[in-house]
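Trainee: Quick note, the sequences are listed as chains C and P, same order.
Just so we're aligned, residue 1 is where the first sequence starts under our numbering, counting upward by one.
Just so we're aligned, residue 1 is where the second sequence starts under our numbering, counting upward by one.
Keep in mind that a hint or two might mislead.
Below, computed lysine-lysine pairings styled on BS3-like, alpha-carbon distance capped at 30 Å [claimed, not checked]:
hint	chain 1	residue 1	chain 2	residue 2
1	P	Lys-484	P	Lys-497
2	C	Lys-195	P	Lys-385
3	C	Lys-35	P	Lys-88
4	P	Lys-80	P	Lys-200
5	C	Lys-209	P	Lys-27
6	C	Lys-212	P	Lys-453
7	P	Lys-88	P	Lys-185
8	C	Lys-35	P	Lys-352
9	C	Lys-281	P	Lys-497
10	P	Lys-290	C	Lys-212
It should be emphasised that the hints constitute simulated quantities derived from the structure, not laboratory data.
Chain by chain, the residues run as shown.
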Amino acid sequence: MGQLNIAVIIKLEPDFSEGNVSYNPDGTLNRAETKNTLGPHSAIAAHAAFFGKVMYGAKVSIGTMGPPMADLALQQAQQISDAEELHLYSDRLFAGADTLGTAEVLKTGIHKMKEKMDIVFSGHRASDGETGQTGPQTAWKLGFTFLGNVISYTVDMETRILRAKRLISLQGTPNIIEEIEAPLPVFISIDPTYKSSFDKVSQRLAFHKYQKEATERADNYKDYFTMFNAKELGVDETLVGLPGSPTIVYKVERVPKSTATRKAEVVDGSDPEQIKKVVAKMKEALDAMVIK
Amino acid sequence: MEKYDVAIIGGGSAGLAALKQLSNLGKQAILLEAGSEIGAKNISGGILYSKKPQKGTVVNVEDVYENFLNDAPFERKITKYILHSTSKDKVYSMDLTAAHDYQSNFGYSVLLHKLNSWFAKQAIESAEKFGGGIIPGVHVKSITWNESGNAIIQTDELDEFEVKAVIAADGVNSEIADMVDARPKFTPTQLYQGVKVIVKLPEEIIEKRFGISSDEGAAHLFAGDITLNHIGGGFLYTNSDTLSVGAVYHYHSQLTNPSEPSALIDALLKNPMISEFIKDDVPIKSKIDKSLPQEEQLRVRFAMAKHIKNWNEIRSSYLSSSGRQRLIDSGKYKTDEDIKTRLDGIENQLTKLGVSFGSDYVEAEYGAKLVPDGKRCRMQKPFFKNILFVGDAAGRGVFVGPKIEGLNVGIDDGVRAANAVARAIDKNDFSANSLGEYYSKETENSPYTTDMKQIDKNYLKIFLDATKDIPKDIIGSRYGPILKMMSNERLRGIAVKFANILGYDKLLPMIESEDTYVKIPIQLAERLGNTVSSSYSPSIPSLADRIGNLSYNDDHSSHIKVLNPNSEFMKKMVTLCPAKCYTEEGGNVIIQHEGCVDCGTCSQETEWKHPRGEKGIHYKYG
């Protein structure tokens, strides 16, 4: 029974919570004034890695591509996952990368990590861009089996086979859960509904022991942290940043608001007469329905 | 099935002390807590005592946690203890600091979320050495016994497991006591209902206003018209940068003549003396001009929220010596003046956004709990098979006039229970005859138990000394002769002896009456009191706003089931539930559990359970 090695790729994203986010007068996000935080989907991926730590004593490493201040996201992810290795890939050459250019950096970074990875986790997507492809593209570049929408997993440490449940939601059909198995190594893009569960007292005790360790490590995250520029990482410069990105964003347009098809009426909630009218209308609408 | 020696159920001050003590004795123990973290479900009035009784010994908080005095996040050491009698704008004050200091090493004001989290950290560190620890988010739903007498614990969250002994520290509404039928549910005559709000106030304003230094604190107690004719009273304790303002009333008195718990708090806050105590400068948001484009409205709204958040954070640090130091240490500011300049800058920006500043107060948290009166409800034998009950779960609170102690009693009980379990592990005998009886004897020997059984004549003398200037006709014909006899040094001993022969059963109706808690204080205030006026009227949040400000993790189904929807008791719950979970519709009372604060006020006639693990109320202060 060998060691289980897990990597997580994460992203620093704007904090959209009130009091932290700022908007420009034209209603677009003011990135300079907005605080940043670990992306919510990245956080879920870190939780999934921590599950491996608690259940199988896995060794966790985290990698991210971003500006130097993205060390904040690494620290937050370490706090969740009890990681022992934090990588930041940061270079001006990486700027302007699309998902494929990003995947190249992440793949190279994962190869640079101390251990040979058995599982790599990514979030489902980013909250500041529809970049759900980064995970699958990294998997393709790594040559790992890709498993998407995973809501739970177990690993048979003897046979080195991973079993996972995938949530499949197709419009118009009931949701189904697929149970699949794949030999390690695998790349897992974690479903937003993923939640670790630990059913035994001993597992809960391990959970809290490692959680405490994670807090101690995150308090001294610099001890686990390495920053790589393009040269140190040894990437092929034609495959990263703008040159490595087949797509570029050349125009941004706001979606025009469609005119409302429903007729809305403003009601004064403190006026009982007006509320009575609302109730009467609701009753009328309900009476017209078939199900009573 | 996994097996352990001992499980402690409930991560309050008592349960945590048991865990720490067992670990101190080198025994493995696990503690199960229903909240998502330690402290989530804990609330108290707010003073933790360390005592040095003349007869017998107690185990104090600093004995259990060796670095308590140096490191624990308590709030302030209470150095002033004052009782105020109120009637409208008149207040008559008596200094009871001597009563507070009586047989005590110290009394600290505390906020339980913070404090219990610290206790937990210490306890875990010790427990981990022996393979134990704390498991939050777990709600115990049943305990059964196998043929070898070991307890099988079933929870809503984990696979069942087996233990040799259980320490039940699950509070005043102990489900463990209920599910194994160890004792009847506490009745309203045995309980007090407490409600509390946390008020924010910067450190240095507190110190100036209450005349205390940075390592001192004040406790103010209130009786008189603020009680709305109930037996009980109000309190205001200074914390580091908050105040605890609360009301504690005999539940039976509340049931006889129901007042909404939040109205009892409001009566306190509206008292001019308390209004002035809680006053602060607050930013008042202006209404956003609806004629502006939507983007601009949104920008203004977010900008206001951001600046107010910053202003609050920087101001509370600026008005605290340690806070200023922290800001300077962070490297963001060089001097105190720098911080002030930044603060003024934010104020300017806020003014530009239409925000003004005025006098008001800032409420941070509303909460409620029941308090067991040990004189009336302590378990005579606090065990059942191999389950030992501690603290509130065993009904062990000390309630004698203004002497209200619970946390220290729970900690002492927790240690006694831990010692008993450790002894049982060594002897490998967990039978009721050995483990239970031993623990029962140990608690019976506790000086706190004596406090629950007998009047202490020396403690009484302190009161008599404090009341010696009061004109005798206020005390009235009923209490005059008693007081006269008690005031005589020689007769007092005989009188107290006689009183203790009568016992609390007969004495309590005499001592705890509307006269002593309401009428006499009102008379005192009216005839002897000073006039106090307030410069503003606090804008008190509605109960809906108070509940809206609390954090919950909603459970879809209710943890409380109404048994008799049209009983007289349930109809009173419409008024008495501190979270207004009950409404009456067509003669039947129905529950909406979402706002429930798990206080147990309604437990008498409901099927009452704590919410499942991690669900329900989550206090931030407690």
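Trainee: Against this structure, judge whether each hint is valid.
Mentor: Now for the hints, and whether the structure bears them out:
Between Lys-484(P) and Lys-497(P), the direct Cα distance comes to roughly 16 Å. Compliance with the 30 Å bound is thereby established for this hinted pair. Annotation: proposed proximity of Lys-195(C) to Lys-385(P) is violated, straight-line Cα distance about 38 Å (limit 30 Å). The straight-line distance between the Cα atoms of Lys-35(C) and Lys-88(P) is roughly 49 Å, outside the 30 Å bound, and the hint therefore fails. Taken as a hint, the Lys-80(P) and Lys-200(P) pair is honoured in the structure, with Cα atoms around 20 Å apart against an allowance of 30 Å.
Restraint check: the Cα-Cα separation between Lys-209(C) and Lys-27(P) comes to about 18 Å, which is no more than 30 Å; the hinted pair holds. Of the pairs offered as hints, the one joining Lys-212(C) and Lys-453(P) is violated, with about 44 Å between alpha carbons and a cut-off of 30 Å exceeded. Simply put, Lys-88(P) and Lys-185(P) have alpha-carbon atoms about 38 Å apart, too far for the 30 Å limit, and the pair is violated. Under the criterion of a C-alpha separation no larger than 30 Å, the hint pairing Lys-35(C) with Lys-352(P) is consistent with the structure, at around 23 Å.
Between the alpha carbons of Lys-281(C) and Lys-497(P) the distance comes to roughly 74 Å, so the proposed pair goes past 30 Å and is violated. Pair hint Lys-290(P) plus Lys-212(C) does not hold up; C-alpha atoms about 49 Å apart against a cutoff of 30 Å.
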